[in-house]
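**Q** Once you have looked at the hints, place chains C and F on chain G.
The primary structure of each chain is shown beneath.
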Amino acid sequence: MSKPGITIKGIEELLGLEESGEEREFSRLSGYEEADASSIVFAEDQTALAKALASSAGLIFAPIGAPIGAPIGVVHEEDARVLQVKYPKHAFALCGRWMDGFEPVVIHPSAVIDAGASVGCGTSVGAGTVIEGGAIVGEGCTIASNVTIYGSVVIGDRVLVQSGAVLGAMGFGYVRGEDGSYVRFPQQGRLVIEDEVEIGANTTIDRGALGETRIGRGTKIDNQVHIGHNCRIGKNVVMAAQVGISGSCVVEDGAVLAGQVGLGDHVHIGPGVILGGAAGVFPGKHLEGPGQMFMGVPAEPVKEYLKTMARVRRLK
Amino acid sequence: MSKPGITIKGIEELLGLEESGEEREFSRLSGYEEADASSIVFAEDQTALAKALASSAGLIFAPIGAPIGAPIGVVHEEDARVLQVKYPKHAFALCGRWMDGFEPVVIHPSAVIDAGASVGCGTSVGAGTVIEGGAIVGEGCTIASNVTIYGSVVIGDRVLVQSGAVLGAMGFGYVRGEDGSYVRFPQQGRLVIEDEVEIGANTTIDRGALGETRIGRGTKIDNQVHIGHNCRIGKNVVMAAQVGISGSCVVEDGAVLAGQVGLGDHVHIGPGVILGGAAGVFPGKHLEGPGQMFMGVPAEPVKEYLKTMARVRRLK
Amino acid sequence: MSKPGITIKGIEELLGLEESGEEREFSRLSGYEEADASSIVFAEDQTALAKALASSAGLIFAPIGAPIGAPIGVVHEEDARVLQVKYPKHAFALCGRWMDGFEPVVIHPSAVIDAGASVGCGTSVGAGTVIEGGAIVGEGCTIASNVTIYGSVVIGDRVLVQSGAVLGAMGFGYVRGEDGSYVRFPQQGRLVIEDEVEIGANTTIDRGALGETRIGRGTKIDNQVHIGHNCRIGKNVVMAAQVGISGSCVVEDGAVLAGQVGLGDHVHIGPGVILGGAAGVFPGKHLEGPGQMFMGVPAEPVKEYLKTMARVRRLK
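Chains as they are written, first to last, in this note's numbering: chain G, 15 to 330; chain C, 15 to 330; chain F, 15 to 330.
For reference, chain G alone in the conformation it holds in the complex (with noise of 0.2 Å):
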């Protein structure tokens, strides 16, 4: 953890604030206990403001308008230490990314990398993390210990994988005989990740029967979410834990899958749509509207299903 420390130049130019000229480093994020003068620490309303001032924090982002604070470069009559900022909370995560941005780049020696895969410049892997033949990884990557990536997989630049990830493994489609059993269809498709996905651990992502998965730029997928084969999800779309996505599956851009949520097969998530904890959605159902939130099983628009909730308990 011995990161460079940031400067209050540095903060300007993450933000796109105008140089103030300050020449003050700040080493540590920190809670408002841990805080000391090497530390940032934001807050964004007048109450955590309030324990941000009484800690020992060097610098505190807050938001523009608080009473206390001013602009960066102007020493504020009450307290120097608060830098006013559209987004406190935006702003103290990427003085994070800037700061992860000087972790090492290592390949540990435990890693088994086949002969016929690829990982880009500035990848890390982790201990005992396997990548077969065929897969490629891209540039600037974090794949932590443990993680599994099958040779059909193509991952972009900058995308995280935590400790226990199964990417491209095969995907789960039988064809019944007439005698009961089943035969495995043929899985030997690709998985697609694409730049700045992040995926949690012990998240399983199948590669498509003969197409395609495909995970859009950007998305945030968190532990023990699982995403069967051939589903297309997109842009900036959030998963939490244990979220289930049954095969051929769409997901569009922005959209938000609280936790344990699942969608059957051929299911299409439109744009920006919420989907509320543990909803989930029959086979082939559509559900549209940008900012609309989904609730229940079967998942329905919220203010629906809060008057079911209602009805069902006002019944005698």
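Treat the hints loosely; a few may be bogus.
Identical chains share a label here; the pair holds if one copy fits it or two copies do between them.
[As the list claims (entries may be wrong)] In silico PhoX-like links for lysine-lysine, alpha-carbon gap of 25 Å or less:
id : residue 1 : residue 2
1  : K317      : K100
2  : K321      : K299
3  : K317      : K249
4  : K103      : K249
5  : K100      : K23
Don't read these hints as lab results, they were simulated from the structure.
**A** Just chains C and F, lined up with the frame of chain G:
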């Protein structure tokens, strides 16, 4: 992927058709878009057949009675590429299985196979996979990378285990003491996996406590399924992703469990029963009826379930 | 499995019984079918006791007041194999724990323990397991094969971690930017696992974002459980398979969560609360009541839940 091609003669043998004496050979199984003269494709209905005929595929499996095409060996006046078979998709899958038979058998040098473990002929073991002393793995199996097989496990022939699966871990059985603390019940039994079972990525199947856990011949299990200790799963059962089966359940032959289904402990699912996605069965319950579908939590016959749903939504 | 046997004297010490001077020794814990003269079995009621007496077991733990048998050391006129104890199953489990104490301590040569990691005396580490620099693992632990322990993790003594578990991965916290893309919130906290916790196969527990995630002493966690960042789980909590706990939840001492339970973020589960299988709790909710069982989604007290179910089915 330098597998040999399959000849018309080979296909005839595989499907039990009469020999036509044709000598064409096909090296790929394809979707319509990627198909070329070396490809086999399949069609299950007229719409699909039209697409298949418009593709460059070299051979098309079509259903008997399809208006275009003729039995193999008979040069059809319209399109000699069409081979009418009883079950086109099944025929296509059988060709895939035939081709898979030529995958090279490799025990990766990084696999850890304890001295006391036994691995049969023709079985591949992937990188980073651990097979502990006492375990027995049969012939012709494919054990992918980063799998863990505890010493308590006996695996039959032609079994597929995908990456990250954990077989034979200790079950979840505890005895509570007077002080509120828990002592683990002995978990010293076995896990027996019969021939031709297929197990998905990151699935976990626990060994028996004192007795055994058993997965019957030909059963297919998707990713992230959990099967607790002392379960007895029958033959040709299908379990989709994220199914969770508590300890001491019985699931009989030919049952189908859709994604995220949950069974409490000591549940008994009769032969051929179908459980819809995310259905839940309370501990100790017994569901019966071949081909009968159950849905909801607690699971009820689909007819009842749909009535209940309709009633609830009709409420004012 | 060449563990030493346990003597009557050893059992008396373990259970706090008076010394009888008996010298018999037993090397196995068995079910009735497999029992022989070297076996201990247990019975909790009359039916079980009849079966136990019909078996070849050398020693039978039976409940006090059982009509057959006598306190240890008193040769019973009917069957000297019976040892009456307050909690026969608990006694049986304690013998199992005693025997487990003789498992050999092995750090497998393929385990990757970074130079900066610390592993206590008497701790076993399985094949392919990765313990990253910074991690601290206590004494007398069993870390199975293919486990991943990130550098942010502190583990107490006598902890069991089964295969495929991932401890201390980055939590799922993101901040959305104006362009719809997400930046990861810093995930730099710790995961603390107290003494005697047991963690199932393929379970994932994330480290804190800025603070810590904590699992209290004696808590038992089944397979494929997910616990998000910044959760605080109390002592002697039980979580069955596939439970999913979102970030910043509190689960207090002695709570019991059945399989597939889901908690939204910032949920608070009071001490001793019981959540039935697949119950779901909405974000921010607080459930209280030692011994009180909650069921359904959203979870309600079991009495209410059963009423609701009955009402819905009574609808015409």
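**Q** Decide, hint by hint, whether the structure agrees.
**A** Tested hints:
In the homo-oligomer, the alpha carbons of K317 and K100 never lie at most 25 Å apart, since the shortest distance is 32 Å inside one protomer and 49 Å across protomers. Both within a single protomer and between protomers do K321 and K299 lie at most 25 Å apart by alpha-carbon distance, with minima of 22 Å and 19 Å respectively. Taking the shortest Cα distances, K317 and K249 never come within 25 Å of each other, neither inside one copy (27 Å) nor across copies (39 Å). With identical chains, the CA atoms of K103 and K249 are at most 25 Å apart within one copy only, with a shortest distance of 22 Å there and 33 Å across copies.
Taking the shortest Cα distances, K100 and K23 sit within 25 Å of each other inside one copy (17 Å), while across copies they are farther apart (71 Å).
The structure is inconsistent with the numbered hints 1 and 3, although it conforms to all the rest.
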